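Number of protein chains: 2
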Amino acid sequence: MPKFVYGFTEGNRDLKDLLGGKGANLAEMTNLGLPVPPGFTITTEACRHYLTAGAFPSGLEDEIDQHLRDLEHAMGRSLGQSDDPLLVSVRSGAKFSMPGMMETVLNIGLNDESVQGLAKQAGGNDRFAWDSYRRLIQMFGKTVLGIDGEHFEEALDELKAECGAKGDLDLTAADFRTLVGTFKDIVREQTGQEFPSDPREQMRLAVLAVFHSWNAPRAVLYRRQERIPADLGTAVNIVAMVFGNLGMESGTGVAFTRDPGSGQQGVYGDYLQNAQGEDVVAGIRNTMPLQELERIDKASYDELMQIMEKLENHYRDLCDIEFTIERGKLWMLQTRVGKRTAAAAFRIATQLVDQGLINLDEAVTRVSGDQLAQLMFPRFDKATDATLITKGMNASPGAAVGRAVFSSDRAEELAARGEAVILVRRETNPDDLGGMIAARGVLTSRGGKTSHAAVVARGMGKTCVCGAEELEVSTKERRFTAPGGVVVEEGDVISIDGSSGAVYLGEVPVVPSPVVEYFEGEGDLDDELVRAVHRLMVHADASRRLAVRANADNAEDAARARRFGAEGIGLCRTEHMFLGDRRQLVEDLILATGDEEREAALSKLEPLQRADYAEIFEAMDGLPVTIRLIDPPLHEFLPDLTELSVKVALAGDAATAKDRTLLECVKRLHEQNPMLGLRGVRLGLVVPGLFAMQVRAIAEAARARAEAGGDARAEIMIPLVGAVQELELVREEAEGILAEIGVDALIGTMIEVPRAALTAGQIAEAAQFFSFGTNDLTQMTWGFSRDDVEASFFSQYLDLGIFGVSPFESLDRDGVGRLVRIAVEEGRKTRPDLKLGICGEHGGDPESVHFCHEAGLDYVSCSPFRIPVARLEAGRAALTSDGSDTR
Amino acid sequence: MPKFVYGFTEGNRDLKDLLGGKGANLAEMTNLGLPVPPGFTITTEACRHYLTAGAFPSGLEDEIDQHLRDLEHAMGRSLGQSDDPLLVSVRSGAKFSMPGMMETVLNIGLNDESVQGLAKQAGGNDRFAWDSYRRLIQMFGKTVLGIDGEHFEEALDELKAECGAKGDLDLTAADFRTLVGTFKDIVREQTGQEFPSDPREQMRLAVLAVFHSWNAPRAVLYRRQERIPADLGTAVNIVAMVFGNLGMESGTGVAFTRDPGSGQQGVYGDYLQNAQGEDVVAGIRNTMPLQELERIDKASYDELMQIMEKLENHYRDLCDIEFTIERGKLWMLQTRVGKRTAAAAFRIATQLVDQGLINLDEAVTRVSGDQLAQLMFPRFDKATDATLITKGMNASPGAAVGRAVFSSDRAEELAARGEAVILVRRETNPDDLGGMIAARGVLTSRGGKTSHAAVVARGMGKTCVCGAEELEVSTKERRFTAPGGVVVEEGDVISIDGSSGAVYLGEVPVVPSPVVEYFEGEGDLDDELVRAVHRLMVHADASRRLAVRANADNAEDAARARRFGAEGIGLCRTEHMFLGDRRQLVEDLILATGDEEREAALSKLEPLQRADYAEIFEAMDGLPVTIRLIDPPLHEFLPDLTELSVKVALAGDAATAKDRTLLECVKRLHEQNPMLGLRGVRLGLVVPGLFAMQVRAIAEAARARAEAGGDARAEIMIPLVGAVQELELVREEAEGILAEIGVDALIGTMIEVPRAALTAGQIAEAAQFFSFGTNDLTQMTWGFSRDDVEASFFSQYLDLGIFGVSPFESLDRDGVGRLVRIAVEEGRKTRPDLKLGICGEHGGDPESVHFCHEAGLDYVSCSPFRIPVARLEAGRAALTSDGSDTR
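Residue numbers (UniProt numbering), protein chains in the order written: chain A, 1 to 887; chain B, 1 to 887.
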């Protein structure tokens, strides 16, 4: 029979699966000899059993009884003992922290008799005892019996009004005694039953309530969004109560072992005299800095300092703790490895190395790519005197400054004039897409991190603050008002910080990131943060197995990517080279009516392409450059069907012959679903000479570079291949051209159509490398047209918990990832030296980089600015055993 | 060491892999004691070795020598023996017939000496000997030495002109002797080498040429298109020459053991006196019916009759044969199981059962769904006196009558007036799509069965005759001319037969198919064909494991499907019910600006939906009816963006408020790639009440049917699910409604997004059935938008051999099929009683039905007219061991 209950002396921090985070750490502290109130933990296994079978597993009741007896023995008091009662708290504690999701009941053990005993224990403090009792009924009623909390609040408010009391502190013991009666009445009215006076029954019901809370809708939703498995269950901690509200010699506090903002070692925390933990959270009174405890209660303070040092040495990391002092006696109520800012994470990791607590391997795993990315965004100058007018949610990082505008049309209009604008809306919807594209940043007053604005802005990499609820946005009057009567009219300049959620009036100067300056080779190694980043990057680079390349389409991006550490180009998109002043040549190509016209157009494009490639080869000399042949459908280079149709219709007989011809062509090339139409390799096979022109330009540029003493390493990539036959045909033509010009180049393919992954064993026969185009692969595997669905329903999908993160942000392991694994395995089986990389945007996403490491790819490729992130995460992936922990 | 050469006495018909079809059957006949000229076969393995290694495998030359010696011994002559030479033919023979693709060289063994010996053998027939010699040089020069055949043709024509000869028959022995000299000169001029006079060398080079011909471009292309594996190689048959052109006592013929057109037993064939096989093919003289041979050479005729009976009994099927009579001696040159018409296939299969040659199991495997489908198309009345003006290729079956039109616009214009039209084009291109949709049939003068017209017409199920090369089509003058000066102007009525390729002037009456009348329950069982179909269908039904359901959206289709043998509905699309006079209600729903308006629109739709379902449940009483909730994006119910934009722009200030509002809405809902947009389950999750309305209507219709004493078996199908979470949410809502109304229904999902197949193990937790929507699954797995790509590049893809058949016609086993297998396996692992079906159009395609059987599905669902085809193929699949032979 499994063991369902663990005393705190029986567990340890490695048993989080079984005891939850809180229980495991309480046991760890107990075993370290720290002053933890005695108690025990009912396992997650018991919870899972209950949720499946609808009843306690057999033996659980007995185990609880046994541990309760041990607890009573240790405390020298019994649960419900009328003259000297033991009180306990019943607290949930799952493996993963789910703040605010799960239930807690304090003061279990009180009833009409034991309340007297509690008063006696408290030195005759009747008020304290009756206050505790009414708190029990209130919490129990709400949490265990499911009574709407407002009933209790109202009764409390009425009583205060009757007594003329301003706050709880003005109420007397007698008042609370009256309230206990009223609260019991509420329980009877709302449930038809008496409040249970049997402490053992109180405890049993509270345990059940914690079990049930695992499946409360908000918890289910939270888990979906946070991708926490639904079947873990929660543990339940039953702990002897200690009281910080027994007078000025008592109190409660929270603390960090070092500054979670900067990483500085020292004492950081808050303390509140004569209070319980919930009072600190409620913010009823102002806390004092923890340092002041030294003056108030030096013994407890010194003990706390010793404990904190012990914890940090033991956990080898920053810890946060909760403690209570009951009449001069210090009790530890909780500890865990604490959250910290991005800058602190880097500083702390290297400090711990210097202290000899961890080695560099572990230090690299203690920081994350997301943290590094945060450090790379430009920041607002902290020395500014700009007015902070409100804070919203930090939905998409960055710092943006611009004129406030209140409609998408206006945003586009001003942006077209070159103005920087911030689009301000109550909430956005698909109609705002144009405005969001035009704006520097987006600010909304409603919606959370999965709202439309947040999702779309993150997808675009655009700064966004959402859910700034203090703002009153009036689209009609084109203005918003902020607290303190601040009014911002259309055209007024505001600044928004997508990394902190801050909104400022006026223009806040932006300062470049010192970390970016470091990557650019201009960093200040005297700066502690820069030095920490440098040390960890050097070690990550030394540790990683994945190479990191850049997605870059021009020499400038290529050069920056190289400074940022890119080891080549993984994706050079050639179609971007067809825009701008070359659009006319492309139009000529498309409108060509015979071989001669088409060849003439191609022969004009070829020298231009050759020059493009020459520059890129120069910037990436000696490193591989993967060039993707033209991918989009040709109609993307022509005017929009609807706009041109309207133009020609309005012109009537005056429409130009050119426009008419163009319209015919646009109509002919029009596709219902261009993403799944005539593009990529299909175009290469159907338009004679198109791919050949590109291959020739690549080969000639490479040869010219070699003749100039350089080292161009071209890799020619064929997009959208779904069948090996397609690749064979293109490859044959390309090899002929390469041979003719006398240049060597690898020829490979994107794997971006599901069928390519499913038939990778065949395709590898004709491909020297695969590059996973996970953007398109995600689109086709899910059936999502990114342009359409992100704006139209992704925010609702995130809210519904259908996915925890957009599959375009982080690679979907179960679907897309499975295809990647199939292709890797079967491709390598056919061709053991097949080179494997990824060039979708996922190449710069931390979680996805870990996946790529696990899947056995050779490199990831991402945008130049994400290269440091990818380098760091590739190092972390290599250094973590299972490779899956990115947080 | 493997054996590379087999004498005809060593092989048999089961060795087709090794000996090719021709060699295996020659060996089989030899062993049956039939008069086959002696010879031997070089294996496909030798060919494969040669093609890989570039040289004969060691031992092959020795084996050839040994077999040649045996052959010389058997014939009492030696190769190249000057006074009495042995001549041999060298013929290719692959496992699968590749007509016209591979090489043959006759008369090997002739040179300046042995030609004299041949004349002596032929009783002093010098003309025959020299003619044979020049034929050798001509064939050898062209086939083995790669000389352009025109050089020889020109020399022959010049000689005839000099001699004033009208045909070859007017040339004398001396003329041919001159020609031999001229042909040798051509060989010297073109290759710089002498024609090889060593017969052994002639033979060696001819064998090499056959090996090489396996990889000739036309053969490679043919294999790609016919999906014949590229690595099989060809066998080579070396056979002693016999001559049908040694005078009037000699001759050559072809015959069938029964009529391949009707299946009637008897003697069917043609005979040509004093001729070789190639003369019959060339059609130089008219052949005589085989019966006349009885009069000319009764002994040979009687022997042939005995042989034919023996062959049919031995092969237990219709055989076709080639034979030669050399001065009264009958020789069998080839046999194989013969091709036949669809009607003959059914008749022959049942006749062979009646004769006790095969059992019913085998009879079912001898007919195919494609043949059955051919019998179900309406036919032109054979008794018509309509003028056949030409024949093209039978590209897409059916019989179509209409006015000839020469442009897409004109086709659409006349069709809009209710006229039946046939679109006539030289060839079609994507611009003709509208016209092809509007026309009853399509006729082109260029392009083969993979041309644009053929591919698109087959995709539409539209009658098409293509490549009618005798027609001169003038689009400009709007007419075509046919042989014999027939001119068809625009508006003239023509009739085209897509099953035979025939084109008639005027209207040919169409008669219904007796087989369809049978399926409709009105068939004439006295008709032999109908009786044959009936017997085989009954046995197929008794044998199959797959159930067959129908795709039907209304009661009429459901009733027909049931008559045709449907065992339920596998796909009832509800969106078709939203068209017609209900479009306004749907528009109201889409334009609804609040909950109230939306609910009002839904509540108007609900009773209409309920009535739709009630009718279908009645037609399918007692059988399962799978109803798919609404699938397409809402904008499909609104006007087209471009058209409406032009309309509003042209109206200017006079545009109605309604049109303006509508345009706003159309713009808002517009999607770049609607196939991958807001549709299916996504719509159900995002538009409150939409799915609930449909589920309620289904449940209420089912309850009403039960109350009326009927038996409605509803299965609710959720489209476009990609993640189990989507299905869970919809299912929860639907189950609530079903419980409330008190109706039981299965709830399941389409598997049509690749991710659904890849995560089927998870999805099966929430689904009671899967139905593979292989249309969309094919679109997303290949990245093909069917609307776009079939017309724009599929014909080129077929020509390039990228696929042998469109993946929309026949399920792509490697890609889409792999996903289906994954989903079947993992879905059943989660839920062993998971019901599995297919509802894409592949459900009615023979090859795909076999795949579904192999993959272990429970049923296929297809359009009502394809149900008999699916039933037959499901039976065949169950009766063939490997389930993969559909031809």
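Simulated from the structure, these hints should not be mistaken for laboratory data.
The structure presented is a predicted model; accordingly, all values stated were derived computationally and were not measured.
Don't take every hint at face value.
Claimed, not checked - Here are some of the chain B residues that sit facing chain A, going by a computed Cβ distance under 7 Å: (1) Leu156; (2) Gly594; (3) Val646; (4) Met675; (5) Val686; (6) Gly689; (7) Trp782; (8) Asp787.
C-beta atoms are modelled at their ideal positions from N, C-alpha and C, and glycine is treated no differently.
Structure-based check of each hint:
With 7 Å as the threshold, the beta carbon of Leu156 of chain B stays out of range of chain A, its nearest partner Cβ sitting at about 37 Å, so the hint is violated. Given the 7 Å rule on beta carbons, the hint for Gly594 of chain B is violated: about 15 Å separates it from the nearest Cβ of chain A. The beta carbon of Val646 of chain B comes within 4 Å of a beta carbon in chain A, closer than 7 Å, and the hint placing it at the interface holds. Satisfaction of the interface hint for Met675 of chain B is found here, the shortest Cβ-Cβ separation to chain A being roughly 5 Å, below the 7 Å cut-off.
Evaluation of the Val686 of chain B hint against chain A yields a held restraint, the C-beta minimum of about 5 Å falling below 7 Å. Annotation: interface hint on Gly689 of chain B violated; nearest CB of chain A at approximately 15 Å, more than 7 Å. Proximity of Trp782 of chain B to chain A holds as hinted, the smallest CB-CB distance being about 5 Å (cut-off 7 Å). Hint on Asp787 of chain B holds. Least Cβ distance to chain A is approximately 5 Å, under the 7 Å limit.
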